[in-house]
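One line per chain: the protein sequences are D and U, in this order. Under the working numbering, the first residue of the first sequence carries the number 1453, and numbering increases by one thereafter. Under the working numbering, the first residue of the second sequence carries the number 21, and numbering increases by one thereafter.
Hints in this document: simulated from the structure, not taken from any laboratory. Fair warning: this is a prediction, and the values are worked out from it, not measured in the lab. Any given hint could be a false lead.
Stated by the list, open to error - Simulated pairs of lysine to aspartate or glutamate, EDC-like, Cα-Cα distance not exceeding 20 Å:
no., chain 1, residue 1, chain 2, residue 2
1, D, LYS1518, D, ASP1540
2, D, LYS1550, U, ASP106
3, D, LYS1550, D, ASP1517
4, U, LYS93, U, ASP106
5, U, LYS93, U, GLU49
6, D, LYS1466, D, GLU1504
7, D, LYS1493, U, GLU81
8, D, LYS1507, D, ASP1517
9, D, LYS1493, U, GLU37
Unchecked claim - Now the in silico label distances, taken between C-beta atoms and shown as ranges:
no., chain 1, residue 1, chain 2, residue 2, range
10, U, ASN51, D, PRO1538, 26 to 32 Å
11, U, ASN87, D, VAL1568, 43 to 49 Å
12, U, PRO61, D, ILE1464, 17 to 23 Å
13, U, ARG83, D, GLU1539, 38 to 44 Å
14, U, LEU104, D, GLN1481, 37 to 43 Å
15, D, SER1506, U, GLU37, 45 to 51 Å
16, U, GLU81, D, GLN1481, 25 to 31 Å
17, U, ASP101, D, MET1497, 31 to 37 Å
18, U, LEU130, D, GLU1539, 32 to 38 Å
19, D, PRO1492, U, ARG83, 38 to 44 Å
20, U, SER48, D, MET1497, 19 to 25 Å
21, U, GLN28, D, HIS1537, 30 to 36 Å
22, U, GLN77, D, VAL1455, 50 to 56 Å
23, U, THR38, D, ASP1479, 26 to 32 Å
Where a beta carbon is used, it is the ideal one built from N, C-alpha and C, also for glycine.
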Amino acid sequence: GAVVSQHPSWVICKSGTSVKIECRSLDFQATTMFWYRQFPKQSLMLMATSNEGSKATYEQGVEKDKFLINHASLTLSTLTVTSAHPEDSSFYICSVEKTGEVYGYTFGSGTRLTVV
Amino acid sequence: AQTVTQSQPEMSVQEAETVTLSCTYDTSENNYYLFWYKQPPSRQMILVIRQEAYKQQNATENRFSVNFQKAAKSFSLKISDSQLGDTAMYFCARRYGGATNKLIFGTGTLLAVQP
């Protein structure tokens, strides 16, 4: 199966600063990656679809200027939480589906963001 | 609407017993894919089982099997011989077609296996 690396696993930042989370596909080229957000004891909510070489597609209600997504290569997508506030504190998870093969999506290990 | 519904927020089962988790979904497509994922306390998402809608036979993976009722848009997960390590959040998910093939999750069921 696919291997996905997500970094960092946890981060604490001050209000007003920006935080970048990286998602890497280690063993195949991913034209599409997905970013999810998960609050405690809740489900994974899809935030956006990251498309290599083009703009991300955001789900309804997700602020694209707040959550900047860059997918500059076939193996790396980044999510930047800009001007973070305490309400942005959450668990962020990336996912990839191997192109042309439906075996199940592979997920990164997640990033726990705490904004203080 | 893109919804996947899990009506059981929490379930409990005795070790070695069998438990069934429910899931319903909406769709206007004829062919699609359904998944069950497990999220243990580590929060790493683990694929449990998947089902392709055009296949009538229910998928099975060792102790895990599904009851796929396409007309009813129902996709339940049966765990046989429950083990303590099965304690986790379980999410039902549906892969939506179109340009992005995004995966949408249900609300989740917290399963506790009791010794």
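Here's how the hints hold up against the structure:
1. Among the hinted pairs, LYS1518 of chain D with ASP1540 of chain D is consistent with the structure: their alpha-carbon atoms are about 10 Å apart, no more than 20 Å.
2. Between the alpha carbons of LYS1550 of chain D and ASP106 of chain U the distance comes to roughly 27 Å, so the proposed pair goes past 20 Å and is violated.
3. A distance of roughly 28 Å separates the Cα atoms of LYS1550 of chain D and ASP1517 of chain D; the hinted pair therefore is violated under the 20 Å criterion.
4. Between LYS93 of chain U and ASP106 of chain U the alpha-carbon distance is near 25 Å, which puts this suggested pair outside the 20 Å criterion.
5. Using a Cα cut-off of 20 Å, the hinted pair LYS93 of chain U and GLU49 of chain U holds, with the two alpha carbons roughly 11 Å apart.
6. With a C-alpha separation of about 30 Å, the suggested pairing of LYS1466 of chain D with GLU1504 of chain D is violated against the 20 Å cut-off.
7. Distance check on the hinted pair: LYS1493 of chain D and GLU81 of chain U sit about 27 Å apart at the alpha-carbon level, beyond 20 Å; violated.
8. In summary, the hint linking LYS1507 of chain D to ASP1517 of chain D is supported, as the alpha carbons are separated by about 12 Å, within the 20 Å threshold.
9. As the CA atoms of LYS1493 of chain D and GLU37 of chain U are separated by approximately 25 Å, the hinted pair breaks the 20 Å bound.
10. Checking the proposed 26 to 32 Å range against ASN51 of chain U and PRO1538 of chain D shows it is violated: the Cβ atoms sit about 43 Å from each other.
11. Judged by the Cβ atoms, the range 43 to 49 Å given for ASN87 of chain U and VAL1568 of chain D holds: they are separated by roughly 46 Å.
12. The hinted window of 17 to 23 Å between PRO61 of chain U and ILE1464 of chain D holds, with their beta carbons roughly 21 Å apart.
13. A C-beta distance of roughly 40 Å is found between ARG83 of chain U and GLU1539 of chain D, which places it inside the suggested range of 38 to 44 Å.
14. For the hinted restraint 37 to 43 Å between LEU104 of chain U and GLN1481 of chain D, the CB-CB distance of approximately 39 Å keeps it satisfied.
15. Hint check: SER1506 of chain D to GLU37 of chain U, Cβ distance near 50 Å, so the stated range 45 to 51 Å holds.
16. Checked against the given bound of 25 to 31 Å, the beta carbons of GLU81 of chain U and GLN1481 of chain D, roughly 28 Å apart, stay inside it.
17. Distance hint for ASP101 of chain U and MET1497 of chain D: a CB-CB separation of about 33 Å, consistent with the stated range 31 to 37 Å.
18. Take LEU130 of chain U and GLU1539 of chain D: their Cβ atoms lie about 24 Å apart, and the range 32 to 38 Å is violated.
19. A hinted range of 38 to 44 Å for the beta carbons of PRO1492 of chain D and ARG83 of chain U is inconsistent with their spacing of about 29 Å.
20. In this structure the supplied range 19 to 25 Å holds for SER48 of chain U paired with MET1497 of chain D, their Cβ-Cβ distance being about 22 Å.
21. Under the hint 30 to 36 Å, the C-beta atoms of GLN28 of chain U and HIS1537 of chain D, about 34 Å apart, fit the expected range.
22. Separated by about 30 Å at the C-beta atoms, GLN77 of chain U and VAL1455 of chain D break the suggested range of 50 to 56 Å.
23. As the Cβ distance of THR38 of chain U to ASP1479 of chain D is approximately 36 Å, the hint placing it in 26 to 32 Å is violated.
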